Every structure is written in C-alpha cells, then in structure tokens.
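Each chain is listed here by its residues.
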Amino acid sequence: MASTWELIKQGAEAKVYRGKFYGAPTILKERFQKKYRVPSLDKKLSSRRTSQEARSMSRCLKLGVRAPAVYHVDLEKRHIYMEDVTSGLILKEYLNCLDPVSHSDSLENVMKTVGGVIAMIHDGDLIHGDLTTSNMIYNEAESNLALIDFGLSFVSSLAEDKGVDLYVLERALLSTHPDTERLFKILLDSYRAASKNGDSVIAKLDEVRMRGRKRLMVG
Amino acid sequence: MSPFYLSHTYKGLGLLKMKLETKSDHFCTLFLCTGLTSAAELRRTVLSGKLPCCLLDAGMICSSFQVMVAVNKAVISLERKKLVTKSLQTEIIYSLSPSTNISESLRLFGAKDDSNSVVAVFTSDSSDSFLEQEESLKSLVKGLGGEVLQDNDFSKTLDLKSLKKVYQITDKELQVTTLEKAVTTAMSMKHLV
Ligand SMILES: Nc1ncnc2c1ncn2[C@@H]1O[C@H](COP(=O)(O)OP(=O)(O)OP(=O)(O)O)[C@@H](O)[C@H]1O
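Going down the list, the protein sequences come from chains S and F. Residue 121 in our numbering sits at position 121 of the first sequence; the count goes up by one each step and never skips. Numbers given in our numbering equal positions in the second sequence, counted from 1, plus 219.
Because the hints were derived from the structure by calculation, they are not lab data. The model shown is predicted, which means the values in this text are computed figures rather than measured ones. C-beta: ideal position from N, C-alpha, C; glycine also. You may find that some hints are simply not true.
[Stated by the list, open to error] Some chain S residues flagged as far from chain F (calculated, every beta-carbon gap over 10 Å):
hint, residue
1, TYR36
2, ARG37
3, ASP74
4, GLU83
5, TYR94
6, CYS97
7, ASP123
8, GLU160
9, VAL168
10, ARG192
11, ALA194
12, ARG209
[Unchecked claim] 20 Å max Cα-Cα, derived EDC-like pairs, lysine to aspartate or glutamate:
hint, chain 1, residue 1, chain 2, residue 2
13, S, LYS43, S, ASP74
14, F, LYS301, S, GLU108
15, F, LYS383, F, GLU323
16, F, LYS300, S, GLU76
17, S, LYS204, S, ASP130
18, S, LYS92, S, ASP74
19, F, LYS391, S, ASP123
20, F, LYS391, S, ASP125
21, F, LYS409, S, ASP74
22, F, LYS409, S, ASP199
23, F, LYS391, S, GLU142
24, S, LYS35, S, GLU13
25, F, LYS301, S, ASP74
26, F, LYS300, S, ASP74
27, S, LYS20, F, GLU323
28, S, LYS77, F, GLU298
Model the full assembly from the supplied sequences, consistent with the hints where possible.
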C-alpha cells in the first residue's frame with residue numbers, strides 16, 4: 001500500500017520522481033550527495049541549496065507567477081516534495097508541435113506570455129538561473145505559464161543578473177527553434193513593456209551578448 | 220472515513236535502497252467535530268489521556284491534506300528523535316504553524332476551551348484501535364451538543380481571514396495557486412536554512 005515513485009529524470013544535480021503524496025500528484029526532487037566533498041560541508045551546502053530552491057518557488061507564487069507549490073521539504077534527505085504541474089505542456093514540446101508559418105499567432109502569444117512572466121519575477125528580484133524551454137510549462141487554453149526547476153535560482157536586484165537570465169533563455173531558444181531571432185524580439189518587447197526597468201536589463205543583455213560573442217570568437 | 224496510510228515517504232523510495240528510518244508503519248485518521256457548546260470537556264478528556272488524539276482549532280484548517288502534511292512532519296521528527304515539543308500530539312499542532320515559537324503555535328492551532336469546532340487527529344502504529352476511538356469521540360461530542368461530520372468539509376468551519384493572516388497568504392498568490400497549496404508552501408518554509 002506504500003506509494004510508489006517513478007524515476008522520471010536522473011539529472012546532473014538531482015533525481016526526479018513522480019508519485020503521490022497523501023493523494024496529491026507530486027514531484028519529488030532529491031539532490032545528490034557529492035561524493036568528493038567533505039560530508040559536513042556537503043551537508044551544509046546541499047541544505048542551503050535545497051532551502052533556496054524551495055524558497056524561490058514560494059517567492060515566485062507570491063509574485064503572482066505559477067510555480068509548483070511546496071508540499072514538504074526534508075533537509076536531512078535533501079528532498080523537496082512539490083506539486084506536479086499537469087495543466088500544460090513543457091514549452092519545448094509545445095514549440096516543437098507548432099509550425100512557424102501556420103501557427104505564427106500561437107507562437108507570438110506564447111512569447112508574449114513568457115516575456116511578461118519573466119518581467120514579473122525579475123521585478124520581484126527573483127532570478128531563475130536556468131531559464132530554458134524545458135523549465136516552463138505552458139497552458140495554451142489559459143495562456144498561462146508555470147516556471148519549474150528553481151535549482152539554480154537566487155535573489156538579486158542587479159540588472160546584470162536579470163540580463164544573464166534572459167541571455168540563457170535566448171541561447172536555449174536559438175539552439176532549439178528556427179526563426180527565434182524574431183520570436184525573441186517579441187519576447188523582449190513584452191518584457192520591456194511589463195517590467196519596471198526593462199531598458200537597463202536589456203542594455204545589460206546587450207553587453208552580455210557582446211561578451212558571449214567575443215568568447216565565441218576567441219574560443 | 221478510511222484512515223490515511225502514512226505512506227511513509229521513505230517506504231515509497233524503496234528503489235533507492237535507503238535505510239528506512241521508520242521503526243514501524245504509522246496510521247492517521249481525523250474527524251471534524253462541530254456545534255460544540257464548549258471544547259473544554261473534550262480538552263480535559265484528551266489531557267487526562269483517556270482519548271489519545273490531538274485537538275486542533277477547526278478555524279485554522281482548510282483541508283485534510285494540510286493536516287496530513289503536519290502529521291507527516293511530526294512523525295518524522297519523532298522517528299529522528301527530534302521532537303521540539305513534549306509529545307507527538309503537540310508536535311502535530313506545532314508542525315501546522317509557520318512560526319517556530321512553540322507557545323504561540325499551540326495557541327494559534329490548538330483547540331481552545333471556547334472553540335465550537337475542533338479537528339481531532341488520531342495517530343497510531345496500527346489502525347486497529349481507530350474504530351473504538353471513533354466511537355468514544357462520537358459519544359463525547361454528542362454529549363456536548365455537537366456532531367462528528369462524515370465528510371470533513373472544512374469550508375464550513377474555516378476562518379479564512381485568520382488563516383490567511385497567520386500564513387501570510389496574499390490574494391496575489393491565490394490567483395495562481397489554491398489555498399491548500401499556499402498553506403503547505405508556507406508550512407514548508409519554517410525550517411529552511
Ligand atoms: N513540478 C513539476 N511539475 C511537472 N513536471 C515537473 C515538475 N518538476 C519537474 N518536472 C519534470 O521533470 C523534469 C526534470 O525536472 P528538473 O528540471 O527540476 O530537474 P533537474 O535535475 O534540475 O533538471 P536539469 O538537470 O535540467 O536542471 C522537468 O523537465 C519536467 O519534465
């Protein structure tokens with residue numbers, strides 16, 4: 001009768017399971033122990049990381065942006081039990097299903113939504129840290145977006161950190177989808193319109209892009 | 220109602236081959252009791268040890284899930300010998316609270332003498348005794364002019380305003396999540412580092 005947990009992902013930092021927690025559809029994320037670290041140090045660092053991840057989910061919800069609710073955190077085991085967000089598609093899959101020509105309205109809509117959502121968390125000084133299309137769940141019917149995987153998130157008010165957050169997403173989009181330059185521009189316009197200081201963040205994004213390009217040329 | 224099985228978290232992770240910290244299985248059942256003229260008598264019976272349960276102020280409870288999450292936490296603390304209160308019963312009350320202040324937590328979430336509605340929570344390492352305990356709870360509650368509800372519909376007894384205040388839940392977050400989920404999220408923030 002004990003509940004069963006299905007392993008759905010073995011990532012670099014954590015194992016992710018899907019199951020039930022007192023009846024609720026739940027995702028269980030278990031951060032690994034790092035074998036090469038001194039155990040006492042590892043314990044401290046991974047407790048902090050696990051705490052930060054859970055706290056960011058709460059912060060995100062409080063900013064009015066969908067994220068998995070937290071059900072239970074076990075710092076000793078580095079476990080986070082969280083809501084299984086089932087009301088949509090992973091954005092990556094959603095984008096893969098769209099034809100750029102016949103679905104251009106849908107594509108523009110989702111880019112606007114993503115831009116608006118990122119502006120909301122950034123206005124609350126929440127940096128996601130790993131904005132990729134795998135870490136967003138999109139519900140087309142309600143055009144709302146949930147963010148997941150706050151494993152690299154942190155709090156910062158610096159335009160630089162927000163710019164880098166956007167840069168990560170731009171790179172992720174460019175590598176997975178055609179026609180992204182135009183789409184990312186729609187996203188940025190929506191970000192700028194919704195955000196408190198969009199201009200300075202986007203100026204930073206430009207700087208980060210330049211640095212990235214130089215690095216590419218050198219490397 | 221059927222008892223919840225404390226599907227004890229760790230048991231479900233058998234595939235990880237983790238050593239189980241549970242020394243035994245745990246079961247839990249809960250009842251919403253309403254229409255009491257006073258909860259004083261009920262509290263006395265519990266304090267005397269005749270009714271092995273914990274009594275919550277029903278106004279602060281929005282769902283069974285909220286209670287189960289608290290019981291889960293309390294049982295884990297018991298197993299790890301890390302109870303911060305004197306018993307599993309009070310630990311359940313404390314686990315509901317977003318505050319680390321014990322007396323404040325017990326005051327906010329425990330049933331009070333003048334409570335008209337309470338939630339009675341029974342935990343045990345077997346569910347054998349539940350039927351008997353349910354009967355004694357029912358007769359006690361009946362004697363006090365109240366009834367034990369069959370459906371655990373907490374919306375009838377919930378004090379929404381106080382609940383939102385204690386857990387610091389905003390209308391903004393309720394646009395993107397449910398009350399129950401906002402509550403467990405707030406409960407989970409308590410012991411983070
Ligand atoms: N709350 C959730 N609701 C629904 N699905 C989820 C949730 N959390 C995670 N997933 C699913 O599990 C996958 C992996 O989760 P997550 O990205 O948190 O793990 P990770 O190990 O940190 O990943 P990465 O290595 O990419 O950073 C997600 O891509 C998603 O498909």
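Evaluated hints:
1. Consistency note on TYR36/S: stated as away from chain F, and its beta-carbon is indeed over 10 Å from all of that chain's, at 20 Å minimum.
2. Distance check on ARG37/S: its Cβ is at least 17 Å (rounded) from any Cβ of chain F, clearing the 10 Å threshold; non-interface status holds.
3. Separation of ASP74/S from chain F is inadequate, the least Cβ-Cβ distance of about 7 Å not exceeding the 10 Å criterion.
4. At roughly 6 Å from the closest C-beta of chain F, the C-beta of GLU83/S falls inside 10 Å, breaking its exclusion from the interface.
5. The Cβ of TYR94/S lies farther than 10 Å from every Cβ of chain F, with a closest approach of about 19 Å, so its non-interface assignment holds.
6. The beta carbon of CYS97/S is kept farther than 10 Å from every beta carbon of chain F, the shortest such distance being approximately 25 Å.
7. At roughly 12 Å from the closest C-beta of chain F, the C-beta of ASP123/S stays outside 10 Å, upholding its exclusion from the interface.
8. With a cut of 10 Å on Cβ distances, GLU160/S stays outside the contact zone with chain F, its closest approach being about 27 Å.
9. With a closest Cβ-Cβ approach of about 23 Å to chain F, VAL168/S is found to remain outside the 10 Å limit, as its non-interface label requires.
10. The claim that ARG192/S is not at the interface with chain F holds, since no C-beta of that chain comes within 10 Å of its own (minimum 22 Å).
11. At the 10 Å boundary, the C-beta of ALA194/S stays outside the reach of chain F, the nearest C-beta of that chain being 15 Å off.
12. No beta-carbon of chain F comes within 10 Å of the beta-carbon of ARG209/S; the shortest separation is about 32 Å.
13. The straight-line distance between the Cα atoms of LYS43/S and ASP74/S is roughly 12 Å, inside the 20 Å bound, and the hint therefore holds.
14. A hinted pair counts as satisfied when its Cα atoms are at most 20 Å apart, and LYS301/F with GLU108/S does not qualify at roughly 53 Å.
15. At most 20 Å may separate the alpha-carbon atoms for a hinted pair to count; LYS383/F and GLU323/F meet this at roughly 16 Å.
16. Distance restraint check for LYS300/F and GLU76/S: the Cα-Cα separation of roughly 13 Å lies within the 20 Å cut-off, and the hinted pair is therefore satisfied.
17. Between LYS204/S and ASP130/S the CA atoms are separated by roughly 18 Å; this keeps the pair inside 20 Å, and the hint holds.
18. With a C-alpha separation of about 30 Å, the suggested pairing of LYS92/S with ASP74/S is violated against the 20 Å cut-off.
19. Taken as a hint, the LYS391/F and ASP123/S pair is honoured in the structure, with Cα atoms around 15 Å apart against an allowance of 20 Å.
20. At most 20 Å may separate the alpha-carbon atoms for a hinted pair to count; LYS391/F and ASP125/S meet this at roughly 17 Å.
21. A hinted pair counts as satisfied when its Cα atoms are at most 20 Å apart, and LYS409/F with ASP74/S qualifies at roughly 11 Å.
22. Annotation: proposed proximity of LYS409/F to ASP199/S is violated, straight-line Cα distance about 37 Å (limit 20 Å).
23. Between LYS391/F and GLU142/S the alpha-carbon distance is near 17 Å, which keeps this suggested pair within the 20 Å criterion.
24. Between LYS35/S and GLU13/S the alpha-carbon distance is near 12 Å, which keeps this suggested pair within the 20 Å criterion.
25. Between LYS301/F and ASP74/S the CA atoms are separated by roughly 13 Å; this keeps the pair inside 20 Å, and the hint holds.
26. As the CA atoms of LYS300/F and ASP74/S are separated by approximately 15 Å, the hinted pair is consistent with the 20 Å bound.
27. Between LYS20/S and GLU323/F the CA atoms are separated by roughly 32 Å; this puts the pair beyond 20 Å, and the hint is violated.
28. Taking the CA atoms of LYS77/S and GLU298/F, the gap is near 14 Å; set against the 20 Å cutoff, the hint holds.
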